[in-house]
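With the hints as a guide, dock the two chains, each given alone in a separate frame, to form the complex.
Here is what each chain is made of, one letter per residue.
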Amino acid sequence: MASGGGHSPIEQFALTTFASFKPFGIDASITNSTVFMVVSVGIICAFLHFAMSNASLVPGRLQSLAEMIYEFVAGTVRDNLDDSKEGMKFLPFVFALFSFVLVANFLGMIPGFFTVTSHIVITAALALLVIATVLLYGFARHGVGFLKLFVPSGVPFWLLPILVPIEIISFVSRPVSLSVRLFANMLAGHIALKIFAGFVGTLLAAGVWKVLSPLPLALTTALTALELLVAFLQAYVFAVLTCVYLSDAVHGAH
Amino acid sequence: MATPNKAAANIVAPANAQPHTGVATVEHGHAATSAFPPFDKSTFGPQLVWLALTFGFLYFMLSRRLLPRVASVVESRAEGIRSDLAEAEHLKVETDTALKAYEQALTTAKTNAAGIAKSQRDQIAAETDRERAAVDAQMAAKVADAEKRIAQSKMTALSAVSGVATDTVGAIVAKLTGQTVSGAEIASAIAAVKAK
Chain A
1 MASGGGHSPI
11 EQFALTTFAS
21 FKPFGIDASI
31 TNSTVFMVVS
41 VGIICAFLHF
51 AMSNASLVPG
61 RLQSLAEMIY
71 EFVAGTVRDN
81 LDDSKEGMKF
91 LPFVFALFSF
101 VLVANFLGMI
111 PGFFTVTSHI
121 VITAALALLV
131 IATVLLYGFA
141 RHGVGFLKLF
151 VPSGVPFWLL
161 PILVPIEIIS
171 FVSRPVSLSV
181 RLFANMLAGH
191 IALKIFAGFV
201 GTLLAAGVWK
211 VLSPLPLALT
221 TALTALELLV
231 AFLQAYVFAV
241 LTCVYLSDAV
251 HGAH
Chain B
1 MATPNKAAAN
11 IVAPANAQPH
21 TGVATVEHGH
31 AATSAFPPFD
41 KSTFGPQLVW
51 LALTFGFLYF
61 MLSRRLLPRV
71 ASVVESRAEG
81 IRSDLAEAEH
91 LKVETDTALK
101 AYEQALTTAK
111 TNAAGIAKSQ
121 RDQIAAETDR
131 ERAAVDAQMA
141 AKVADAEKRI
151 AQSKMTALSA
161 VSGVATDTVG
171 AIVAKLTGQT
181 VSGAEIASAI
191 AAVKAK
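Going down the list, the sequences are from chains A and B. Numbering-wise (the numbering used here), the first sequence opens with residue 1 and increments by one. Numbering-wise (the numbering used here), the second sequence opens with residue 1 and increments by one.
Looking at chain B on its own, in the form it has when it is part of the complex (with noise of 0.2 Å):
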């Protein structure tokens, strides 16, 4: 501390030396003013012991009681702005997963319900065809069955017609002529007509 008092020292000479702060001396005439009070050297001892006091206390203070606790604060309010942010952002994220993933679920759900309509619908087709030619082959059989009756029946029926043809040409004959023809002669009678 020896520094600023030697400067001041050298400043307070020229300064007493001015003729303003002589007529200031004269006029007032108390012992305390004697000097311009700023440069007046004994009072730099008390200012500078007690600016040390002070100041001291203060920069203790303020560097280990309130300036951290002011800092805490604002720094845990930035802490807090931080990571609300960064929890907005990881809940986006999730959200757009989660979207992303709904999509993809639904995408897939549709493929699915595609293909399971498509295999429904071959196998009922398959079904139907299956059934169609159960039910054809069995009309088939059906039909050929009739018409193997309706053949059978018409046999039946040309022979009643060539014995029905005996006995009418029989009967014919007897009452023209009073004859009466053996069935063989008939039978190779008509045979004879049907030939031509």
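With the rest of the complex left out, here is chain A (with noise of 0.2 Å):
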């Protein structure tokens, strides 16, 4: 990083406290995270507002976008939560994650921006969310009899005592996956692009091997065709396996 002038590639996921703001003793400073959260719900927000604003039953560009996004998670809902209407109630619900992960994910994909979804506490946050649904959807729609789901059925009742702390563990470790694979994903891909990055400023300072330069830029460049791609897929992710997760509350015990 001779030529970074300090730029470390974690320094990327600093927050930068633009106006420090404490209502009532809780903490709500308005932050480079909060602007591009604001920023994210917004463009959605919007994109759907303008897409749909004269909408026709003869689509044009925008409202046909609008409509394949919309078809295209309501497709996910279908077929990974429930045909039926209890199943598309939660289409509201995946939307708004895949929305907002899928937003913040690209728009942190923009050089100099700041990433939403690299930091554990808002991955973690919208995973406990979707468990906490799960629960109280769960237990809401079959009540005790949600714990069924805990226990396997066919199984002989000695291998219970194995099979149903298993269970338990496999449901408990669902938000950590959930969280640290869109936190992780994030995080490792732009440090990567960072470093490559930084390589080619490092290689025109250093004399002769600056012939060297292009191969951290190529590498760079389709590092970044990986991480749209990984930026979409994580999303994806998120809203399929918060689909399977729903459709355990809804279907109960399988």
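Don't take each hint at face value.
[As the list claims (entries may be wrong)] Residues from chain B that keep clear of chain A, each with C-beta distances beyond 12 Å, as calculated: (1) Asp40; (2) Ala157; (3) Ala171.
[Said to hold, decoys possible] Covered stretches of chain B (chain A as the covering partner; in silico rule of three or more C-beta atoms under 8 Å from a C-beta of chain A): (4) 55-61; (5) 75-87.
[Unchecked claim] Using C-beta positions, here's what the derived DEER-type ranges look like: (6) A:Phe24 with B:Ala78: 40 to 50 Å; (7) B:Leu106 with A:Lys85: 48 to 58 Å; (8) A:Gly42 with B:Thr95: 52 to 62 Å; (9) B:Arg64 with A:Leu136: 19 to 29 Å; (10) B:Arg64 with A:Ile168: 35 to 45 Å.
These aren't lab readings, by the way, just hints derived from the structure by calculation. For glycine and all other residues, C-beta sits at the position ideal for the given N, C-alpha and C.
Shown next, in the form of structure tokens:
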């Protein structure tokens, strides 16, 4: 990082406080993360609003894009959660998660922009929100019978002392894997991009070695393409897993 | 919201123990980046508050305003296509029914026409027969009448012949013998000849 002037690959994840703000003793300071959350939500709302503002039976360009995204998420919910009206109740929730993560991921791909989803506290909060929804809806829908989720059916009873703890552990690890998967993907991708992009500058400042500088540049370009794919894929994976977990809440023991 | 903080706190401790984080701290010396930023607990509060606010707003907007609009357009299109297809099906059934009715009517009309033609033909034939019979009867009467008249004429002619014969015989006898023979004698003589 000789030419980087102290730009560490992890500095892009630092939060900068723009305005300290503590109503009722709660720290609600406006940071760069706040800005990008607001911008993400603003983009989603503005896009859907303008795309459907003069909606017609024969869609225009923006409207067909909005409908395409809608059908994509609705199809994910139908396939992974439930086909019925009950399953479609969760469409706004899944759509909100998918669009928020997707737009936040893509915004983060713009150089110099902050990636909201590269912070474990954000991904963990979203994952816990999913699991809390699963638990609350599952118990409200099936009562105590929802606990049968941890008891695999058709298994000899002497195996249950082994299988039930395994089922519980796998259930508890769901929010962990859900949050860490997204966080780690975003974090690692951005660090890798920053490091390889930094190599370009380092090599350019290293005399004869500057002839090698196109190599990390090409790699950075390739990585950017990969990261764009990852940005979409992680949002999709988050939405699909949310649907799969919510499917347990809707269908109960399987 | 106590759970994520606690969980994150557990992650922070080992992360701080890692040597590379320490190096980063030494290298830059910024107070703000003393910890690895994603594990900096002091940033959790504001992030969670703003996530709750923005994500809550997003969920509210999506579920109340934005998605229902998309859903209604998609639904109305699907509904339109469904109703169009149903109407096409309905019209097709109607066409089939009309076609069947037409064919039925055609068959009935043909049968009727055949019936009318047959009855007309029969009527004409009967009329012709009747007329022919009448004409035949008339002709037969005429023929009979004519035959009667012929027979009458024949009789008259024949009786005239016997008168002529009597006169001739009387004239012949008078010429040959010079005697006058009475008509009754001649008639009896002729009758005698005739009887032979």
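Verification of the hints:
1. Asp40: violated (7 Å)
2. Ala157: B:Ala157 is indeed farther than 12 Å from all Cβ atoms of chain A, at 115 Å.
3. Ala171: Label holds. Min Cβ-Cβ 134 Å, cutoff 12 Å.
4. 55-61: holds (count 5)
5. 75-87: Since 3 is at least three, the answer is holds.
6. A:Phe24 with B:Ala78: 40 to 50 Å: Holds: the Cβ-Cβ distance is about 48 Å, inside 40 to 50 Å.
7. B:Leu106 with A:Lys85: 48 to 58 Å: holds (52 Å)
8. A:Gly42 with B:Thr95: 52 to 62 Å: holds (55 Å)
9. B:Arg64 with A:Leu136: 19 to 29 Å: holds (20 Å)
10. B:Arg64 with A:Ile168: 35 to 45 Å: Between B:Arg64 and A:Ile168, where Cβ atoms are some 37 Å apart, the hint holds.
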